[in-house]
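**Student:** Going down the list, the sequences are from chains V and F.
Using the numbering used here, you'd call the opening residue of the first sequence number 1 and step up by one each time.
Using the numbering used here, you'd call the opening residue of the second sequence number 1 and step up by one each time.
The reader is advised that the hints may include incorrect statements.
Unchecked claim - One side only, chain V facing chain F, incomplete, derived with CB under 8 Å:
1) Gln-52
2) Leu-67
3) Ser-84
4) Arg-101
5) Pro-106
6) Ile-128
7) Tyr-152
As the list claims (entries may be wrong) - Chain V is nowhere near these chain F residues, computed Cβ spacing over 12 Å in every case:
8) Glu-76
9) Leu-93
10) Ile-94
Said to hold, decoys possible - Per label pair, the in silico range of CB-to-CB distance:
11) V/Ser-40 - F/Gln-107: 36 to 46 Å
12) F/His-48 - V/Ser-40: 51 to 61 Å
13) F/Ile-61 - V/Gln-90: 19 to 29 Å
No wet-lab data here; the hints were simulated from the structure.
Just so you know, even glycine gets a beta-carbon here, dropped at the ideal spot from N, CA and C.
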Amino acid sequence: MKSIVFSSGKGLRAMTNDNNKNNSEADDILFDEIGDYMSSPVFSVDHDSTVQEAAQYMFACNIGSLLVKEFDNYVGIVTETDLSRKVVGQGLNPETTQVTRVMTQPLETMDRFLPIEEANRFMHKNKIRHLPVTENDVIVGMLSVKDLVAYYARSSFKVQE
Amino acid sequence: MSKHEIHHFSKEQESHLETIGDYMTSPVSGIDAESFVREAAQIMQSEHIGSVFVKENDKFIGIITENDLSRKVVAENLDTETTKVRNIMTEPLISLDCSEHVAKANQMMAQKKIRHLGVTRNREIVGVLSVRDLVSFYANPRMRTW
C-alpha cells in the first residue's frame with residue numbers, strides 16, 4: 001500500500017496550502033481535512049468474491065467502489081470503471097471472474113489529517129474518483145469525487161458571505 | 001479539445017467563466033443505440049471517459065454510463081456481445097443549456113444522483129459536463145466573480 005502521510009493531529013496549521021507564503025500571522029489558517037469529508041466505515045469484499053458479487057454488493061450499498069480484502073489486509077480497490085472497462089470491455093464472465101483479476105492496485109491512500117485540497121490534486125492527477133483514507137496507516141474511510149464537490153461547493157458559499 | 005480547457009463558446013459570452021459551457025467537454029461522440037454494450041465499454045476505455053451518449057438516427061436519445069454497465073451488465077451477468085446499448089442505457093438524457101450557471105448543474109446532478117449531464121445549445125447537444133468538471137469549477141474561486 002502506497003500511503004501519503006503528512007502528519008497526524010487535529011488543528012494542523014496550513015503550511016502546505018501555499019508555498020509562496022511568508023510567515024506572517026495571518027497565514028496561520030486552519031484547513032479542512034480529508035477526514036471531515038470522507039465517508040466511513042468503508043465497504044469491502046473478500047478477495048475470492050466474483051465480480052458479479054462485487055457489482056451486486058456495490059449497488060446494494062449504493063456506492064461506486066469497494067475495497068478488496070485478503071485476510072486482514074486491503075489489497076486493492078474495485079470500481080465501476082474496473083467493472084466497465086475490464087469485465088464488460090473484455091467480455092469476462094462476471095460469475096467466474098474473481099475481483100482480484102480486475103481490481104486496481106496498489107492502493108493509493110492519503111492520511112485523514114491532510115488538507116482536502118491535497119486529495120483533490122492527487123485525485124485529479126491520477127484520474128481517480130475514490131481515495132481510501134488512512135489514520136495511523138490503517139484505512140478508516142473513503143473520499144469520493146462527490147465529497148470533493150460537497151467540500152468545494154460549501155466553501156464557495158463561505159467566500160460569498 | 002482536451003478536457004477542462006475553456007472552449008470557444010465562452011468567448012461569445014459576457015459572463016466570467018461561470019457557465020456550464022465554460023466547463024463542459026465538447027464536442028461529444030456518440031454510440032448507436034443498436035451497438036452492443038461491449039463496444040460502449042471499449043469506447044469508454046480508449047477515450048478514458050465514464051459515459052457515452054447514445055444516438056438514434058443522429059439524435060441523442062440517452063446515455064450509457066459505467067454505472068449502467070456495472071449495475072446492469074455485470075451484476076446481472078448479461079451477455080456483452082448480444083445485449084444492445086438501447087436495452088441498458090439511461091434515458092432520457094438529462095441536459096441543461098450551456099448558458100446556465102454551473103451551480104445549477106451541481107444542483108441537478110445531486111438531485112438526480114447522476115455524474116454526467118448533457119449540455120445543449122439551441123436545444124442541440126454540444127457537450128457533456130461531468131462531476132469532475134464541477135470540482136474544477138468550484139476549486140477555482142479566482143475565476144469566479146461572486
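**Student:** It remains to establish, for every hint, whether it holds in the given structure.
**Tutor:** Comparing the hints with the structure gives:
no., hint, verdict
1, Gln-52, "holds, 6 Å"
2, Leu-67, "violated, 16 Å"
3, Ser-84, "holds, 4 Å"
4, Arg-101, "violated, 13 Å"
5, Pro-106, "violated, 20 Å"
6, Ile-128, "violated, 10 Å"
7, Tyr-152, "holds, 3 Å"
8, Glu-76, "violated, 8 Å"
9, Leu-93, "holds, 19 Å"
10, Ile-94, "holds, 17 Å"
11, V/Ser-40 - F/Gln-107: 36 to 46 Å, "violated, 26 Å"
12, F/His-48 - V/Ser-40: 51 to 61 Å, "violated, 29 Å"
13, F/Ile-61 - V/Gln-90: 19 to 29 Å, "holds, 27 Å"
Checked against the numbered hints given earlier, the structure breaks hints 2, 4, 5, 6, 8, 11, 12 and satisfies all the rest.
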